[in-house]
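Based on these hints, arrange chain B on the given structure of chain A.
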Amino acid sequence: MNYNVNEKGYYGEFGGAFIPEMLYPNVEELRQNYLKVMAEPSFQEEFNQLLKDYVGRPSPLYFAKRLSEKYNTKIYLKREDLNHTGAHKINNTIGQILMAKRLGKTRIIAETGAGQHGVATATVCALMGLECIVYMGEIDIARQAPNVARMKMLGASVVPAKSGSRTLKDATNEAIRDWINNPVNTHYIIGSAIGPHPYPDMVTRFQAVISEEIKWQLKEHEGRENPDYVVACIGGGSNAAGTYYHFLHEKDVNIIAVEAAGHGVDSGESAATSVLGNEGVIHGCKTLLMQTKDGQITEPYSISAGLDYPGVGPMHAHLCKTGRAEFMAITDDDAMNAGLELCKLEGIIPAIESSHALAIFEQKSFKPDDVVVVSLSGRGDKDLQNYIDYFKI
Amino acid sequence: MNRLQQKLQEDKKLLSIYFTAGYPSLNDTVSIIEDLEKSGVDLIEIGLPFSDPLADGPTIQASSTQALKNGMTTEILFNQLKDIRKTVNIPLIIMGYFNPMLQYGVEAFCKQCQEIGIDGLIIPDLPVDVYHDEYKAIFDKYGLVNVFLITPQTSEERIRYIDSISNGFIYMVSSASVTGSQSGFGNEQTAYFKRIADMNLKNPQIVGFGINNNETFTQATTYAKGAIIGSAFIKHVSSEKLDTIGDFVNGILQ
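Keeping their order, the protein sequence lines are chains A and B.
Residues 1 to 393 (full-length UniProt numbering) are what the first sequence spells out, left to right.
Residues 1 to 254 (full-length UniProt numbering) are what the second sequence spells out, left to right.
The following block holds chain A by itself, in its conformation from the complex (with noise of 0.2 Å):
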């Protein structure tokens, strides 16, 4: 079984570019140069350089000695939420903007929901002095008002996205109207594993350095490359692609994705999309969709802002069609307190997305000898508010 692309764009039966006639110029273009660009040594030095130096990378891979007791197995954290910007959202961000500055392109698009892609998108597009518009839906750009700020901080336009529901998938819709608009001058920062082929390859590819270090890291700490499990939380997927990448072709690996059950998966408040959705297309790609029975495309709910993704990237919808991962769904209470936990045992706070990986350990137990690797994809600074108001601090 293969689980990377295919020639045509396609995971399995998922994937591929269903995309209007006007992008096709625009992905086109892409698909023919993005292995190739990402293949000049010239690029590889430029993005290794500034994932040491800016970024911070390697981000540390770090035994959670008081969590691994409590659970009585070996749990290592993967920690993303080190990276500049807080999450590893900045990977990818990386790695575009220098694939955009290498198609000549001088203008940068984005979508965000919570903002923590749109706060990267800005930090790259600061980087290389280039023009940054980003789109957040209308009720996105209330509730998360720091990063709205951020962004305009780093010099990016914050554009309302004042269609449909006003949230993350409208804010992706008016991005990809803008790209149909500006189509010669403008790439587009895709900030998940999802969108028309090559976006899930790409954004895959650029996220892959998660389990590249995590292969040499746990060498050095546990004298072997492959964990027994590795785990991470799944909106559209991208820090779950970039953490299993160097696994997915490991027999004695495996993969676990959580996703957000928000108030129970059968409560109609939840964004576990392997367990609600069934196949469809959205945003270019076929793929899991959350959908009414018609093919009108439904919204999710978590507490969590980058979860709340009504579809998941192709490569994902394929490894939960096949079964190569167990997917698994937390309930916001289930992770607000294990992220509470985290707090308390390893004196890390998580970011809610990144609480929903680690609350999987009271769902499912694990042998004492196992060694279990989490993502933890974000740190919680931007989450205070929502601790504050669940616990009542």
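In case anyone wonders, no lab produced these hints; they're calculated from the structure.
One should not assume that every hint holds.
[What the hints assert, rightly or not] Derived DSS-like pairs: lysine-lysine, alpha-carbon spacing no greater than 25 Å straight-line:
no.	chain 1	residue 1	chain 2	residue 2
1	A	251	A	52
2	B	202	B	13
3	A	215	A	367
4	B	38	B	86
5	A	8	B	136
6	B	136	B	202
7	A	293	B	12
8	A	321	A	364
9	B	38	B	12
10	A	293	B	194
11	B	12	B	194
12	B	13	B	38
13	A	152	A	162
14	A	162	B	69
15	A	152	A	251
16	B	194	A	162
17	B	141	B	86
18	B	111	A	293
Structure of chain B alone, referenced to chain A:
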């Protein structure tokens, strides 16, 4: 040869009107179609509303959102249209995004279209190659014409490929834009219309996006076979001017 293919052979410039089914009210579909035919429109694009219409601007998206709020579904649209051929003779095309068709079942969808008397489909986010490899046989089986878009950025090679697969008309997007986002055509667009006309394609071209009055209709049809009006018509009916559809069409055709 179906109604659409016959219409395209007539020696006249064609006016096509797009409207969103279920807007302004759920049950306006049939009366809008009948009024458009009476007003002298040559063909009609019936928009099946979608929650996330990527290629459309704010006007059509807002009408789609309202239509969905009004309760429009694929099933309801097919029901509304089941007797349409008793009263309407001009070609009818359904325009919609791929996901609702996928959920209905592409073959079941095409079969329904044939039974109703739909002549063609426009599915902006179904790429040509996927259509060719997976769905063309089904469209052919049910006698449906599939219409593809080209833009000023589409390469000559790709236009020739699209022409080779098309069997109705080519939907010529007037500029790099979403629907309803510009007014008036400049030299750049005229040059593009002429360039495409000079390619002598086997399928006639109908221009869409940016046509909203007699002037732009005339400009577009100087080189092309016809023109499509969408957003401007939606704006007209949105102000509850359903009884003045004839005036709107007369204003275009003059």
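Q.
Tell me the hint numbers this structure goes against, listed in increasing order.
A. 1, 7, 10, 15 and 16
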